[in-house]
Structures are given as structure tokens and as C-alpha cells.
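With chain D held as given, fit chains H and C onto it using these hints.
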Amino acid sequence: MKLSQLASELGCELLGKPDLEVAGVAGLEEAGPSDLSFLADARQAARALASRAGALVIPAGWTPPEALPCLRAPEPEVAFARAVELLRPAWRPAPGVDPSARIHPSAEIGAGAHVGAFVAIGEHCRLGPGAVIHPHAVIYPNVTIGARLVAHAHVVIREGTVIGDDVTLQPGVVIGGDGFGFARRRDGSYAKIPQVGRVEIGSRVEIQSNSCIDRGSLHATRIGDGSKIDNLTQVAHNCELAEDVVLCAQVGLAGSTRIETGAILAGQVGVAGHCTIGKGTIITAQSGTHGDLEAGKMYSGSPAFDHADWLRSTATFAKLGELQRQVRQLRQKLERESR
Amino acid sequence: MKLSQLASELGCELLGKPDLEVAGVAGLEEAGPSDLSFLADARQAARALASRAGALVIPAGWTPPEALPCLRAPEPEVAFARAVELLRPAWRPAPGVDPSARIHPSAEIGAGAHVGAFVAIGEHCRLGPGAVIHPHAVIYPNVTIGARLVAHAHVVIREGTVIGDDVTLQPGVVIGGDGFGFARRRDGSYAKIPQVGRVEIGSRVEIQSNSCIDRGSLHATRIGDGSKIDNLTQVAHNCELAEDVVLCAQVGLAGSTRIETGAILAGQVGVAGHCTIGKGTIITAQSGTHGDLEAGKMYSGSPAFDHADWLRSTATFAKLGELQRQVRQLRQKLERESR
Amino acid sequence: MKLSQLASELGCELLGKPDLEVAGVAGLEEAGPSDLSFLADARQAARALASRAGALVIPAGWTPPEALPCLRAPEPEVAFARAVELLRPAWRPAPGVDPSARIHPSAEIGAGAHVGAFVAIGEHCRLGPGAVIHPHAVIYPNVTIGARLVAHAHVVIREGTVIGDDVTLQPGVVIGGDGFGFARRRDGSYAKIPQVGRVEIGSRVEIQSNSCIDRGSLHATRIGDGSKIDNLTQVAHNCELAEDVVLCAQVGLAGSTRIETGAILAGQVGVAGHCTIGKGTIITAQSGTHGDLEAGKMYSGSPAFDHADWLRSTATFAKLGELQRQVRQLRQKLERESR
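For the protein sequence lines, the chains are D, H and C, in the order given. Heads up: the first sequence begins at 12 in my numbering, then just goes up one per residue. Heads up: the second sequence begins at 12 in my numbering, then just goes up one per residue. Heads up: the third sequence begins at 12 in my numbering, then just goes up one per residue.
These are computed hints drawn from the structure, not numbers from a lab. Check the hints yourself; a few may be wrong.
Where chains are identical, the list cannot tell them apart; a pair therefore holds if satisfied intra-copy or between any two copies.
As the list claims (entries may be wrong) - Below, in silico cross-link-like pairs of lysine-lysine (BS3-like), each with a Cα-Cα straight-line distance of 30 Å or less:
1) K330 - K290
2) K344 - K28
3) K13 - K344
4) K330 - K308
5) K344 - K290
6) K330 - K203
7) K330 - K344
8) K308 - K344
Here chain D stands alone, though its shape is the one from the complex:
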């Protein structure tokens, strides 16, 4: 593809060489003369200048040397994502239903679907057009899904789940497993509280490998439009994620947690039950909270508090033995003096 055509497809400003043929995409270190590469941040310009890439997507703030053809983009990372789509389209199976798939006669599958080997789809399911359902995905009865679902191998979607458009589920994801609800008897044993709610997932949601979204106990667990959930993450019953929430890998949310729009929970974060995490708030990796967190802030620690304070506290923590020694000396000194 010619660089000029890419510029027009990506909505970028073209700097130099409209006729350059771009054949692929690659990282700055790996790129060759026919590859498009990507500079995320003007502060890393040295890496860009050392690259053998044929052309670069660059941010607005940087002026490249004249000899380096560039696509300047208001949102360079978004533009590069689109370039990858155009230049290295991901593998995608062709439409068609594998004869080994077991689709209940009452289920409706929209036009253009790919249904792979050994897929099982239960009664009264309704899937919109353009679905790609890889081998061994299992959809229990009474599931309703919008257009263009991508469900990878071994995805499980349990009964009654409702999913919007353009949702992608990576391998091994479990949607609608029972919530962890048990009532303790006086003798110390537990009675199961039947989990009869469901899961409702919006549009443009991606949930990655082996993550689990539990069904609501009586009502719904909800994942809002545009939210992204990384591998091995736990979303317990009755949680509500608003729009564009990001849960990084191995995050764990206990029951009835509410995460407001645009919040980001980094890897291995934990949130105890019935807490609210405010809009746009960031919780750094391995932190945890058992209380609500305000909107628009950054929190760290377990239990979590203001990130800047946490930086100071952890710096001191690493020398805590020394601090204790100093306090001991002060006490001894004062005791000697007061004698």
C-alpha cells in the first residue's frame, strides 16, 4: 500500500514520499525499509532515529528529519492500530458451519457466521450476524447476542446471558458461572444460595483468556459498553462496570462492586465487596481496597490510599529497620540525659 493511501485511510498528515510502498508493520527495533513503525512519545525520538523503518506514525509534537517519511496523527496509537489492521490483517476463519457443531433447532444464528468444530449452542439462543465461533465454544440455552461476536475456543456462555454487538471473548472465558453465594448455618456448614441472576454485557467489550464473569445472584452482573478485561480476571456476582472500564490481568472484584466510567485497575488489584470506584480513577498494580475510592484520583497500596503519599510511605518502608533504630537511639539518649 502506498504511504499516501495509508495517510488517507488513517486520517494522518503525510510528511514526505507519498509513493513509498509500505508492506508491513513492525516495532522500531525490528522494522525494515518496507515497514511502517510507530513512535508513541516524542521523548523517545532517539529510538525512532535509530530505526530502519521505512516510515513512521508519529505524534503531533514531533518534527522528524526531512529524509524520514512520516504519518503525523492526532491520536498516533489509534492510527497505528488501524494501520496494523490494514497491513497485517489477523487470521479469521471463513463463514460456514462445521458439520460437527451441535446447534439446537430452535437457535437462530445470524447471516455470515463461522461456527467451528464441536461448537454447542443451546435452545432458544439468538446470535446476530457475522459471528465467529471457534471450535469448542459452548453457549447454554436462552442466550442473546448482538452482531459480530467473536468467541474463541473453550469459551463458555451460560444460560440467559445477554451480550451486545462487537464483543470478543478470548479462549477459556467463562460468562455466567455461579456467583460465590453461601449462607452459613449455625453448625458452621454452608447452604448454597441459588444463583439465578444473569450476566449482561454491553457492546465493544473484550474479555481475555480464562477470565470469569459470574452471574448475578438474583439480578444481573453488568459490564458496560467498551470495557476491556484482561486475562484471569474475576468479576463476582452483582458487580456493575460502567463504560470503558479497564481491568488488567488477575484483577479480582468481590460481589456488588461498582466501577465507574473510565476507571483503570492495574494488574492483580483487588476490590472488596460493595465498594464503588469513582469515574476515571486509577488503582496501581497489586493494590487493594475495602472502601470506596473517589473519582479522578490515583490510588496505591493494600489498603489503598493516595498514590503520592504511598510513594513516600513505600520509600520510607524500605528503610524502616533504620527508622526504628534511630527512634531507639533517640529514646536512649533522652533517657540518659534525663537521669
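Only chains H and C this time, still in chain D's reference frame:
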């Protein structure tokens, strides 16, 4: 169902309106006039009074207004769990064996079982009556299971596992995967120690989505009667859980951990190998221990210590930069004075 | 098997009773007179002396009583691993392809393979000889694998993956799921960055149940020869593990992490993106780092620092309330005195 009939089914004291028709169950906020709802704690009576619920299950300590029909229960949460069972029975497939299931001729499946599409059951397996085995569950050879197993889609039960009655396995659970046992050679590489033990699971155990119970290295990994294990939890080889143990989501137990009766490990807790966690002890979320913990206490922190002390320590930790500043000032002051 | 024959198979020095018949292997507490057992460490000699084992594998440093037949080994744990292999061989299905397996006609499967029920293997896959592929494993197209793969039930290997010889994947492992790459738009929503790289796994690697190795975003995620990865572990896109790396259960690596040869990350450790963990370094359980860690050291804490310092800091932390009280007293005393 009439409220009087519910009262008798649940063994509750009926307060008002025996003829009220109860059609469903719902949370206090969501309930309508034909729903039964649930007050867990008398301190939340205001929420109950604001509810539109037709009737409530309530604890012994609370006297409702006369106009509000109630079922007073000695164990209100247990009674409500039973009410959910009666009023909103969870979906359950009918008995019958899907023609696509591959059951080895030597395997014995008890009466009344449901065996779903593409289920694979190996040779010499024996399953008790009333099993529900959802599509794509895989049972390796020589597995023995009691009555009323529920195994959801993509459950894997490896060879030689022994399971009691009334066990429920949510989707993606792996029972009997190899333990993580390797012997380090002098050259730094690792030799696999074959994991030839098995897993033994008692009765009334529930293990939730994508959790892993590793087989013993030489002998057994054991999960005691009534224990409940949440999503994405790791139980390593040779662990022994006694009765009614609760492991919340993403807990990780290293090898040969022993958890005594009734202990509760909250989300993301970790226990190092060869430790014993005493009877009834609670470890709060994200805590970890590499030593034994006494019975009947509450522990927090990583490494974990007494919960009340931990509350004090974490309160100070959040102001640790300030504490360090104070100590510095004290030292400077004393130095000035001693000159 | 006679003890003398075992000694010769294991390359051990035989102490006493060459004609002893050894029938099995067992732990020191569980062993009977016909079992071989194992003493890892001379400091635990008391346990060995209390054992009913017929014979023991022992380390070089220990001289057993004359009546106790022993195999003295330079690497006793490695020798015992080999003994387990000989005396209690793990179950392994016989070669043969189940008629229900769906193998694309263009796929090549090496000689002597076992392919279980409902296995799905995509086009242009090439597998070396001696593979054991358990029921329900799914191999997407264009995957290349060396000799003697063991893939347990519900393993997913996505398109384009390259794997060496003697690799074992426990149930539910996902190789090549999409990395977590999204570009944030100015309106707060996210655009997916297509993940078009692949996963490259060396030889003698074992990955355990339900762990996830994400594909590279543009290039490869790499797992070096001999590395061992425990259950429920997350390896993000573009990570590179060198040889003989150990990741214990529930470890999480963010994108582009580099782990050098022989490093050991204990359970629930987290590493932020673009960090390097030096050769042979050990990170203790539940620790985390967002910076590089030097080679050959031991680190602890979140954020992690020198392990010995961490031991001091955590000891003080448990008494931090007391330390704060002491500082307050010192300040009050000095204030009184300076009046």
C-alpha cells in the same frame, strides 16, 4: 405460592397475611409487591421499610411494622436461600444422554443422569445417580464420583480422582492437573518429578470457574466435606483442606498446605508451602503467610499478623513519610541541643 | 525391582541390601517396608529414622544407620524423580487417533501419536512424533510443534504458535490468546490494537493448568528452553523468558517483561511492563516490581527491594503503631523540656 406455605417449607414464623401470593424473589431495592425479599441484618431496617417487597425474610432480632408480612427465621439467610430454590428454580437440563457424548463402554453412569454434547468419559469411571454433566466436560479414566455431581462445560477431571456426593464444579475447573514438582539439577535445569498421586474430594463441595486442584505428587490432595472454593483459585499438590473451608477467589495455596475446619481465606490470599492454618481462622484479602497461623483468629498483611495490630500498622503506614520527617526533626533538635 | 538395579538405573551409591525388592515409592510418613522413600535434607534425618520405608534415597552429606538400605545420590531429588518414573509410571493413553477427532487433511501428525476424542487440529499444523493430545484440545491453524508434545484436555493453542520438543501443557492452558493492547481515544474509549504476533515456546517447557501465554502484538512472546510455569499464570504480550525460568502459580507478567535465565518468581508475584529480572534472581511470594531487578539477588515486597532489608522492614511494620506512639512520646517530652 402462599406465604403460609412458604413459612412451613422454610420453617419460619409467619407474621401477617398467610394468604399472600408470593411469585418471585428479589433484592430489597428491586422487589415488587409479589416478591419475597430479605433483610439480613436488623441494622438495615431502613432499607427494608423503603422496599416495595410484598414480604420479607427477617432475622430474629427485628420486629417489623404490622402491615409488612414477614417470615422470621432463626437462620434468615439459609431460609432465603431455600426460598430462592422454591420460587426461582435454576435451569437444569432434563435426564438423557446426548448421542454425541463418548462414554467408554466400561464406564458406569448412575440412573437419571444428563450427559451433554461432546462429553468424554474414560474407561472404568463410575458415577453415582442423578449426575448433570454439561457439554464438553472431560472425565479421564478411573474416576469415581458419588451421587448428583454437577459438572459444567469444560470441566476436566483427571485420572484416578475420587469425589463424594453432591459436588458442583463450575465451568473450566481442572481437578487433578499435575502438581508443580521439579528437581533442580546442578546445571540449573529441572527434571520433572512425576505427579502420580490423586485428588480426593469430599461431599457437598463446590469449586467455581477455572479453579485448579492439583493432584498429589505421591499421595493425595484432599478437599474436605462442605468446602467451598471460588473462581481462579490454586490448590497445589498435597494440600489438605478439612471440612467447611472457604477459599475466596484467586487464593493460592502452595504445596502441602493444611487448612483446618471452618477457616476462611479471603480473595487473593496466598499461603506458602507446608503451613497450617488453624481451625476457624480468617485471613483477610490479599494477605499472605509463610508460617503457621493459630486457630480462631483473624490475620492480615503480607506477611500476615494479628488483624487488629495490622489495622494500626496500616493506619501509620499511610503517614509513614510524615513519621520519618518527625524523627528527622527530633534528631536535628537533639543534635543542636547537645552541641 | 531389586535395590541394586535401581542403584544402577539412578546412578546412585548403594548402601546395604542389594537384593531388597522395591515395589513402590512413598513419602517418609506413608512408606511401608517395600517402598522407596526420600530424604531431601540431612537436617531432617530424624524423620528418616522414624520412617518404615524399606529404603531411602539420601543426600551425599548423610550417613544412615547400617540397618537402613540407602541409595546415596549426588542429586538426590533428581534421582528420586527418576525412581518415581520407574516404579510408578504415570498413566498414558496408547497411540491411536480417536474417530471423533477432527484433523484437517493438510495437518501432519508425527508417528505414534495419541489423539483423543473431539480434538480439533487446524490446517497446515505440523506435529512431531510421539504426541499425546488428550480429548478436547484445540490447535488452531499453522501451528508447528516438535516431538513428544503432551497437551491435556481443553488446551488451546492459537494460530501460528511454534513449540519445541518435549513440551507439556496441563489442562486448560491457553497459548496465543490476544495480548491486552488497546489505544485510548480522546473521548476515553479504546480502539483494539490487532495482536498479530505469535508465541514461540522452546523445548522441555511445562505450562500448568489454566495458565495463559498471550501472543506478541507484532512480534513474538517467547518462553525459553526448560522454563516451568505453574497454574493460573499470566504472561502478557511480548514477554521474553530465557532458559530454566520458574514462574510459580498466579504470577502475572505485564507486557514486554524480560526474565533472564534461571530466575524464580514465587507465587502471586507481579512484574510491570518493560522490566528486566536479572539472571538467577529470586522474587518471593506476593512481591511486585515496576523496575528492573539485578541478577543473582533475592527481592521481596511490593514494590520489591532487597530481601534482607525487607525482613527487617516487615518486622518493624508489625509494630508500627508502637513506633508511632514512641515518636509521639519523644516529641511531647522534648516539647515539655524546651518550655
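Results for each hint:
1. In this homomeric assembly, K330 and K290 come within 30 Å of each other (Cα to Cα) only across copies, at 26 Å, whereas the closest approach inside a single copy is 35 Å.
2. When the C-alpha separation of K344 and K28 is checked against a cutoff of 30 Å, the pair qualifies neither within a copy, at 75 Å, nor between copies, at 69 Å.
3. Within a single copy, K13 and K344 get their C-alpha atoms no closer than 78 Å, and across copies no closer than 72 Å, so neither meets the 30 Å cut-off.
4. Taking the closest pair of Cα atoms, K330 and K308 come within 30 Å of each other both inside a single copy (27 Å) and across two copies (18 Å).
5. Taking CA atoms no more than 30 Å apart as the test, K344 paired with K290 passes in neither setting, with 51 Å inside one copy and 45 Å between copies.
6. Taking the shortest alpha-carbon separations for K330 and K203, neither the intra-copy value of 48 Å nor the inter-copy value of 40 Å comes in at or below 30 Å.
7. Taking the closest pair of Cα atoms, K330 and K344 come within 30 Å of each other both inside a single copy (21 Å) and across two copies (21 Å).
8. In the homo-oligomer, the alpha carbons of K308 and K344 never lie at most 30 Å apart, since the shortest distance is 43 Å inside one protomer and 37 Å across protomers.
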